[in-house]
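The listed protein sequences correspond, in order, to chains A and B.
Sequential numbering from 1 applies to the first sequence in our numbering.
Sequential numbering from 1001 applies to the second sequence in our numbering.
Warning: the hint list may mix true and false statements.
To be verified - Below, computed lysine to aspartate or glutamate pairings styled on EDC-like, alpha-carbon distance capped at 16 angstroms:
(1) B:K1011 <-> B:D1384
(2) B:K1231 <-> A:E274
(3) B:K1066 <-> B:E1039
(4) A:K351 <-> A:E49
(5) A:K231 <-> B:E1274
(6) B:K1373 <-> B:D1384
Calculated directly from the structure, the hints in this document are not laboratory data.
Since this is a predicted model, take the numbers as computed values, not measurements.
2 protein chains.
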Amino acid sequence: MRHILVIGAGKSTGVLVDYLLKKSSKENLKLTIADKNLENAIALSQNHENARAIQLDVFNPEVREKQVQLADIVISMLPARFHIEVARDCVRFKKNMVTASYVSEQMQELHEDAVKNGLVFMNEIGVDPGIDHMSAMQVIDRIRERGGKMLLFESFTGGLVAPEDDNNLWNYKFTWNPRNVVTAGQGGAAKFIQEGQYKYIPYHKLFRRTEFIDVKGYGRFEAYANRNSLKYRSVYGLNDILTLYRGTMRRVGFSKAWNMFVQLGMTDDTYAIEGSQDMSYRDFVNSFLPYSPTDSVELKMRHVLKIDQDDIMWDKLMELDLFNAHKKIGLVDATPAQMLQKILEDSWTLKEGEKDMIVMYHKFGYEINGERKQIDSSMVCLGDGMLQTAMAKTVGLPVAMAALKILNGAIKEPGVQIPIKASIYNPILEELEDYGIRFRESETPYLGYNPLSL
Amino acid sequence: MRHILVIGAGKSTGVLVDYLLKKSSKENLKLTIADKNLENAIALSQNHENARAIQLDVFNPEVREKQVQLADIVISMLPARFHIEVARDCVRFKKNMVTASYVSEQMQELHEDAVKNGLVFMNEIGVDPGIDHMSAMQVIDRIRERGGKMLLFESFTGGLVAPEDDNNLWNYKFTWNPRNVVTAGQGGAAKFIQEGQYKYIPYHKLFRRTEFIDVKGYGRFEAYANRNSLKYRSVYGLNDILTLYRGTMRRVGFSKAWNMFVQLGMTDDTYAIEGSQDMSYRDFVNSFLPYSPTDSVELKMRHVLKIDQDDIMWDKLMELDLFNAHKKIGLVDATPAQMLQKILEDSWTLKEGEKDMIVMYHKFGYEINGERKQIDSSMVCLGDGMLQTAMAKTVGLPVAMAALKILNGAIKEPGVQIPIKASIYNPILEELEDYGIRFRESETPYLGYNPLSL
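Chain A extracted, bound-state conformation (with noise of 0.2 angstroms):
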């Protein structure tokens, strides 16, 4: 029997323990999954004879350690921050490790023991990071085996409600961390390339720069730029790319809506609003608004924004009951950001039976043999409901078929990395496919930003 240990039994988890204990009889697997809440990990166990579970505080050495001698590979599911503990136990007992996560630079600076080891560290292999870079990465290897070179890449990820729950005006419900969807853009302006011009937005206009996305048979998105959209440039060989830009998906009308929480200020999370605890969602918008002792919150907040109360801007606020003078926010020393969240959740909170959707496209440009083409691609994955999201599968998945791939031996090239090969992204992308989790490839004529020059 091989061990895995899986640590961290969140939302994401359960779809990857599905997964691996469907195969564990035939792939003589046993699995611990750890967590420190153990009715988790218990939950997740499902009784199955080839599961464990356990309670483990990551900040508990004794057990931490133990826990990892025991194992052949070792899975992080944990928050970010905390994969670290887990890694350095990795290397001293020379154990594989796999995690949905972006690397960080604690993270980085364990390649060379890695290496030196011959283990493998495979991160960023959730959805975004993870299918965004192994279905880009295929496409973009193949154009230049083919001899094309990359004009243009364009690449957008969204986690959304699915189409049949879709029914607030937002088009929009929390599927994941709200309060990354609260703080989404913040901390220095966008940056990208477009026709070999550097471009920069600042987060306050970051809403207002949107791009239209068609999705055949979902109809169409929008899409910001993220913060860094050259996070990647080096890294897929793309230096000298014109155009270079990653977004977020959004339903048409979402952004502009947004932005009316960024320019009241309301999106905020680097101070905090004096006595939020007793404010009501009406007193939360006011602290906005300039002060009058005879206009109501609802004619200043029109008048800031120049809206009429019958532009649908107008319903949107109304159907987050913003005005209420009665629900308190009850929040101790919170930021805009936090009381904002908290309202949000009120109306945005996916309900039992509801289900999400991932959404993903990327648009590439390249030359070959004198001539512009245009490849777009695109990805959309459904929910099964509560337990099995879209965000669950995607990020699951090819977690769980990494790990197991690495614990064959089919994956083995050590070092701290990302799964931008063709030895990793083509047998995980083809096993997600037998999962619905598959990409629909069209050619066009090149676009790019320049169609009257063609």
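Mind docking chain B on chain A? Use the hints.
Chain B alone, transformed into the frame defined by chain A:
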């Protein structure tokens, strides 16, 4: 003879030295003017019999300590971050000290030592901070002595160009550190209180939430909120006040036009623009606009700003030669704010003979014997040319006066302090009147923010 050591022969030091040298015979003063650049010190010493100029690098402890030991009092006109080097010597060698800068944490830590040694460390005694403290506290204390209760305090200061030289479309020229003007308001939301309600304005809205202020004889001004209006709330004894607002004054229309730069992201000081050195003014502007193969930078700009060609906003941009494709910025690894500053300095630098102006305006609302009243108090100081600027006078004179009064024992309360006590502000405000720095008061009905409820 009493020895005064003046360190830092910058813009405001000339007026300060003038003041002291004119009194040097009568008051038995010897001045040592020290600067990193000896020529600056020599220029200010005017070959006066009671002045000597020396070269002094504040980070050379040998020279610094020797000079501090020789002095009876030390005036530091260095950039604020360097005062602490001098202040520690002053504690060690038991010398009084004066600066025009905000009290830093490091400076505050010397308070106990200063008190123990009977030393006066007077800070924030320039114009803003300085004359604002003194002129405000004089009225606030008077209201309280009469039994009044403070309801409202609003305070505004602006460094502007004198009306006779106010000849550009922005009604603005740099009269002090341009960098502070370009980055004004950044680093977090502006916070203040209106009628007992905390209000917050995000940076990107700061220049659209202005107030008008009329100054008799000088017409109308506007003000935008300072980042932290509540900084002196407890120091001024205004913990229960209903309205507390501090702002920066500009001529009407400046803020609306400045907001164009803010909206585009041109004032951002947190990241460097790629290839800044080789960019033209036009390239700089284009970095913040969407790519287009056909549309001109001008048209994109008007579209993003939603203005027409005959809008005065557009004329303001044209006046700055912002779309010039031949003028290079020439700064390496520069932030947007640094690049914008460079462009503005072309247009907004005072020419030989042009004069500046300092404007200050306070509103005091209070209740006395069941009646609500308001006092408005304003001061305008005009520069007398390049050396006797309004900024140099309003910063240099109170510093010089404070130094002499400390030397003469008229100000003697020891410790790290700011000028908020009657024993300090009364004599200094009185003497400032001899130099034309005079507040004009008027009683008005209490307006506050609830005029209809009276």
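Now the hints, each set against the structure:
1. A C-alpha spacing of about 14 angstroms is found between K1011 (chain B) and D1384 (chain B), which places the hinted pair at or below 16 angstroms, so the restraint holds.
2. A threshold of 16 angstroms between alpha carbons decides the hint, and for K1231 (chain B) with E274 (chain A) the separation of about 14 angstroms falls inside it, so the pair holds.
3. A C-alpha spacing of about 21 angstroms is found between K1066 (chain B) and E1039 (chain B), which places the hinted pair above 16 angstroms, so the restraint is violated.
4. The suggested pairing of K351 (chain A) with E49 (chain A) is violated, with an alpha-carbon distance near 32 angstroms, which exceeds 16 angstroms.
5. About 15 angstroms separates the Cα atoms of K231 (chain A) and E1274 (chain B), which keeps this hinted pair within 16 angstroms; it holds.
6. At roughly 37 angstroms between alpha-carbon atoms, K1373 (chain B) and D1384 (chain B) are farther apart than 16 angstroms, so this suggested pair is violated.
Of the numbered hints stated above, those contradicted by the structure are hints 3, 4, 6, listed in ascending order.
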